[in-house]
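**Q** For reference, the chains in residue letters:
Number of protein chains: 2
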Amino acid sequence: MVNFIRSIVLQTSHCKFHIQNKFCPNYSLFVFQPTFKRNFCTNMVAFNRTTLEEVIKKRFFFAPSFQIYGGVAGLYDYGPPGCALQANILDLWRRHFVLEEDMLEMDGSIMTPATVLKTSGHVDKFTDWMVNDTKNGDIFRADHLVETVLETRLNEDQQARSAELEGTIVVASKDKKKKNKIKAVKLDENTKAEYENILAKIDNFTGTELGEIIDKYTIKNPETGNDLSKPVEFNLMFESNIGPTGQLKGYLRPETAQGQFLNFKRFLEFNNDKMPFASASIGRSFRNEISPRSGLLRVREFTMAEIEHYVDPNNKDHPRFDEVKDIKLHLLPQNIQVEGKTNPIEISIGEAVEKKIVDNQTLGYFLARIHLFLIKLGIKNERLRFRQHMPNEMAHYACDCWDAEIQSSYGWIECVGCADRSAYDLTVHSNRTKEKLVVRENLSEPLVYEKTVLEINKKVFGPKLRQNAKTVEDYLLRLDEEQLEALKKALEVGNGKTTVPGTDGKEYEVFSEFFNIERQTITEYVREYIPNVIEPSFGIGRILYSLIEHVFWVREDDEQRAVLSFPPLVSPFKCLLVPLSNNPAFSDLVRDLSARLRKLSIAIKVDDSSNSIGRRYSRNDELGTPFAITIDFQSVNDNTVTLRERDTTKQIREKVDTILQVLKNLTEEEITWDEVMTKYPIFIQQEIDS
Amino acid sequence: MVNFIRSIVLQTSHCKFHIQNKFCPNYSLFVFQPTFKRNFCTNMVAFNRTTLEEVIKKRFFFAPSFQIYGGVAGLYDYGPPGCALQANILDLWRRHFVLEEDMLEMDGSIMTPATVLKTSGHVDKFTDWMVNDTKNGDIFRADHLVETVLETRLNEDQQARSAELEGTIVVASKDKKKKNKIKAVKLDENTKAEYENILAKIDNFTGTELGEIIDKYTIKNPETGNDLSKPVEFNLMFESNIGPTGQLKGYLRPETAQGQFLNFKRFLEFNNDKMPFASASIGRSFRNEISPRSGLLRVREFTMAEIEHYVDPNNKDHPRFDEVKDIKLHLLPQNIQVEGKTNPIEISIGEAVEKKIVDNQTLGYFLARIHLFLIKLGIKNERLRFRQHMPNEMAHYACDCWDAEIQSSYGWIECVGCADRSAYDLTVHSNRTKEKLVVRENLSEPLVYEKTVLEINKKVFGPKLRQNAKTVEDYLLRLDEEQLEALKKALEVGNGKTTVPGTDGKEYEVFSEFFNIERQTITEYVREYIPNVIEPSFGIGRILYSLIEHVFWVREDDEQRAVLSFPPLVSPFKCLLVPLSNNPAFSDLVRDLSARLRKLSIAIKVDDSSNSIGRRYSRNDELGTPFAITIDFQSVNDNTVTLRERDTTKQIREKVDTILQVLKNLTEEEITWDEVMTKYPIFIQQEIDS
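Just so you know, the protein sequences line up as chains X and A, in that order.
The first sequence begins at 251 in our numbering and counts up by one.
The second sequence begins at 251 in our numbering and counts up by one.
One or more hints might be untrue.
Straight-line alpha carbon distances no greater than 27 Å define the calculated BS3-like cross-link-like pairs of lysine-lysine that follow [what the hints assert, rightly or not]:
1) A:LYS849 - X:LYS575
2) A:LYS499 - X:LYS385
3) X:LYS929 - A:LYS524
4) A:LYS499 - X:LYS849
5) X:LYS626 - A:LYS849
6) X:LYS591 - X:LYS606
7) X:LYS499 - A:LYS436
8) X:LYS849 - A:LYS368
9) X:LYS524 - X:LYS480
10) A:LYS515 - X:LYS849
11) X:LYS524 - A:LYS929
12) A:LYS626 - X:LYS368
13) A:LYS515 - X:LYS307
14) X:LYS499 - X:LYS524
15) A:LYS308 - X:LYS515
16) X:LYS385 - X:LYS515
17) A:LYS375 - X:LYS499
18) A:LYS578 - X:LYS499
19) A:LYS626 - X:LYS849
20) X:LYS606 - X:LYS575
21) X:LYS578 - A:LYS515
22) X:LYS524 - A:LYS524
23) X:LYS686 - A:LYS308
One side of the interface only, derived from the structure: several residues of chain X facing chain A at Cβ under 8 Å [claimed, not checked]:
24) SER315
25) GLY358
26) LYS375
27) PRO494
28) LEU715
29) GLN717
30) VAL840
31) ASP842
32) ARG846
33) ARG848
34) LEU850
Calculated from the structure, these hints are not laboratory results.
Backbone N, C-alpha and C fix where the C-beta goes; we use that ideal spot for every residue, glycine too.
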């Protein structure tokens, strides 16, 4: 989906959250198979994205921003349930990662001066290729367009082949605008193979290559049939100016990572100079997508949560690796992908690290922790895999990189990236700013070693070279051991005379009396190193949307009754409070219970509308609220209420105090509803009108 | 501090968080008086901002962003304690406001299309005036520069006067760059009065007026002495382009409010069409300040928390007003300010609303709730006041507006604005988009009333007026009752003939047979209205900084020992865990205790560095961590640990289980340390080396 230059950088720091499915060779034929079963419920109806999208809209999980002004592609507002869901995901993230491991969380600026992003490589490489319709000016992202057109042709080919088998002629697609029917066209075997080959490599083409593909396969604007321009590079950062002069160019950050790297020294000091440690940040980032699509999966503004774990390059073991080593993950390592297969292996992370499938313990530790986090949220294990980047996907400096991919109706989507970025980021910022971003470690035993060193004989060097002394000295000081030995050799060969370039590029004569080059014994008491960075990076919107798909189902008995089975820990609201009717007799109890639930920090939603109880339960199912307390006339008399569980629709009836205690335990996931049902009798009246 | 046009809008929606001190007539002579006493501690040392700033930097509460690149004025990064403090403030905000009152929280886009902000008035009016040094190009915010220069002159005048009294000559200030000493100059009485008058009105000048002041009082660039340009208007929004064509102009939102207004219809539907209700949003907003200053108090990027409470314009009572009516606030209403006084009155909000000092119950309710929130955070009541906007500060559409101002070493700073914005915002967006942003209320009894109405006689009107029919009809349909009666009269006077303007401005002859104007009885079953909006708007960074100042003090016995006495509820970390030394004997207990504390959701910080216990306690005091558990050799034997409280430095020693329970109760503020000290014996060993 991206050009080659970008793909070098992309999959590590820059483009953490783009859709990854290219390594499934059949992905163009991918049709979502809702064959997965949910363990909590057997009454399943096949997944229908349209139904889900209606629920998302109706219950205001999220919706296009500025819609009354016509909206802007790729910008979304989260309504109350979406906002609460996001807050709960972030809260869990903070507890699971930051608090659990004493990570140093920071909250940094979004507006970033251009120099910072020039150093990081974003100004030059954070780009996509775009083409436009030469007649009406419509703009497309080049790789996406090629992908869509070739996919369509392959689909039509497959339909034509099926039809051939069945001896019928099939109309493959309908161009709604033109009201014309287009016939499914069968491709010859060579073309088919070429298309599949292009799609498998779609992330890796340069602009020129994309242009050639467009020409060779006569790809046009599918809407108009018009020709397309040559691909042009487009930087994905939003640009602005800081301050009134307009001279300080700024960009909206494309990731939170750079802000963390720049604070490395402060973090290290805050951490009492102890290594390893991690910084973390939650915040909004921006990418000015050429043509956003796929709802929350490709947007222009998104919330990220990123961890930068700083580690000694010589020792990437993790002190808590033992705690996770037996956790089994679905891994899709490079070698499986190379064979063109997409079935992951299930393997414990301990074994994977031992067998060097995963490069090191720290990377493995985070893969396991990411797995635990996603499962706790409600992501289904069978629809979660970790895919290793292919060597050509990785940045040149990266050691290893794995994406947590979650399957949804859009395919396998990269939702968390986890890369070993080596010392790249700290090195480039350090070089640019001359600020040392290093760790100094007192050695318990001094390090003693031999080294070829150069010592300039100032008494001769300066007076002889005069105004050229500086440029020659600068050159000499940059030489490594091997180069110094070569210089020594050259002086010997030249009988104490040779030439060297200055940093100005000119050649200068030097003599053996100018300096000594010799082997010396070096004793070091302090080791200084630039730490490596292991970076787990989470696209919160992608996780949130995937989760919604994973917990969505429709009651078999009633297609109108959609349910979102969020685990209580992340559900936007924990409990619905419904009086049987809006009879004033209930209002005291409603008020009293609301206050008590709030005091227990249980997020509630009161529904005292005049709708039927069943309708109100149903609305609540769509919000994913796991429990409901119903207040009826009996409640007023004996202070008992019923507690209904969303997925089973079963209820218990107990005294208010008991129900509150049970509910508290349920929302904190200290007991399960199954356990509650064995402990308390099921209440079987009510829900008469549901 | 701003021009006139802006000040109309500013103090309500746009410039919610600028420093407000103009209504203190002596503010130019203001010197921070640390006379306030803290109730928890008597060993006080006078407040010293430099000491505080050192602590803030050393402990990485916050620091300039991109500092290794030289930094950018007005952009700050929050380090671990600042970030945790901010998260705790926001968490409390969410519980205190959103959860407590079932507000509909949303999370909206920052990037906003220009049309939205054109409608809201920001494109035209969200501006400041700037001037530049005509020689070196230095840029200043015009009102700030005038303010600084006149303040300096008044200060020098005062010093000259004092010196005169004492019979000495005083050197008032030192121009460090020029190394010249400048004499304090006494002003004549007229000039002094004029300066004071200008400073009192500094927010309200237009650019032209600021230019006149600069000319009249020969104000120059204080650094260079060079002349200044005429004031030029500068829009404070960061501009960018959305999408690849560059044709869709966008701005970074200057507030979250507009995003909430645009979703009004969705909110109302989500709330089952019930009124009143509130939406809320927490998020980053931006203002491209001309010259940011005063640390976190005037920045280019900041976190806001805003509530938009939608209310029936005919009934601004609040159902829960009774719960707050006895709360006493420090109010500084208009009439006191008009008299030039700055001493607030202390009055219950019930009485203030009853006496119409505060316009309505809902506004009063929020003032009281804001007060409770700030006090709970740790803001000192004696340094908190609510200042009413003067009529010239308020937007033309606003009914009433109060700022919660917190006193810090920078003066009284507006930290929360609370405005009744009438129906302004919903009306302008509705007019612009033609989307009805209204509430429809079924009337329990139909509304019956008499009304003068116009009925056009289409058979005559169209044929007679022909191509002009539309423009005349449009004009007629806009007439109110009074205008209709006048038209009827005009026809009577003109014997059934008169002229009216069309919407095109031309005059047209109309005759009485064109239409009927008569009194009719109207029966309405549904009332339709645009709700009014009451908007409490919180500048989180300002509150955070003010809080840090309020809880900061230095132990009398040791000036090196600064303390931040955050209440446990908001303190960045709740508990420090310190083993007596880094003896491996302690490590099991440290690990075990860490895990148990995490499970209790108590944010901890382990300090197993080799520093002395005293040094580690002291570092912790600077982080504001209220409690510390110390593990020593006795702990390993009898499973007891000590619990130290930050402000008193007193300790108790109990079994681990007891300490954990006490700590849990303390951090949730269910018991106080005083209560703990009466229940458990004070432990008096240890802290030997502190």
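**Q** If you draw a straight line from the CA of X:LYS849 to the CA of A:LYS368, is it 27 Å or shorter?
**A** Cα-Cα ~43 Å, so violated.
**Q** Keeping to a limit of 27 Å between CA atoms, is the pair of X:LYS499 and X:LYS524 held or broken?
**A** Outside the cut-off at roughly 36 Å; violated.
**Q** Taking the least C-beta to C-beta distance, is X:GLY358 closer than 8 Å to chain A?
**A** holds (4 Å)
**Q** Assess, step by step, whether the Cα of X:LYS578 is no farther than 27 Å from the Cα of A:LYS515, and give holds or violated.
**A** It is violated: about 47 Å lies between the C-alpha atoms, which goes past 27 Å.
**Q** Take a quick look at whether X:LYS524 and A:LYS524 sit within 27 Å of each other, Cα to Cα.
**A** violated (56 Å)
**Q** Has the given pair, A:LYS515 with X:LYS307, been kept, meaning a C-alpha gap of at most 27 Å?
**A** The given pair, whose Cα atoms are some 13 Å apart, holds under the 27 Å limit.
**Q** Measure nothing beyond the straight line between the CA atoms of X:LYS686 and A:LYS308; if it is 27 Å or shorter, mark the hint as holding.
**A** Within the cut-off at roughly 18 Å; holds.
**Q** Run the distance test for A:LYS375 versus X:LYS499: straight-line Cα separation, threshold 27 Å.
**A** holds (24 Å)
**Q** Is the straight-line distance between the alpha-carbon of A:LYS578 and that of X:LYS499 27 Å or less?
**A** violated (49 Å)
**Q** Holds or violated: A:LYS626 and X:LYS368, Cα atoms, limit 27 Å.
**A** violated (45 Å)
**Q** Measuring from the C-beta of X:ARG848 to each C-beta in chain A, is the shortest one below 8 Å?
**A** Interface hint status for X:ARG848: holds (6 Å vs cutoff 8 Å).
**Q** Is X:LYS606 close enough to X:LYS575, meaning Cα to Cα at most 27 Å?
**A** Holds - the C-alpha atoms of X:LYS575 and X:LYS606 are around 14 Å apart, at most 27 Å.
Hint check: violations occur at hints 3, 4, 7, 8, 9, 10, 11, 12, 14, 16, 18, 21, 22, 26, 28, 29, 30, 31, 32 and 34; the rest are consistent with the structure.
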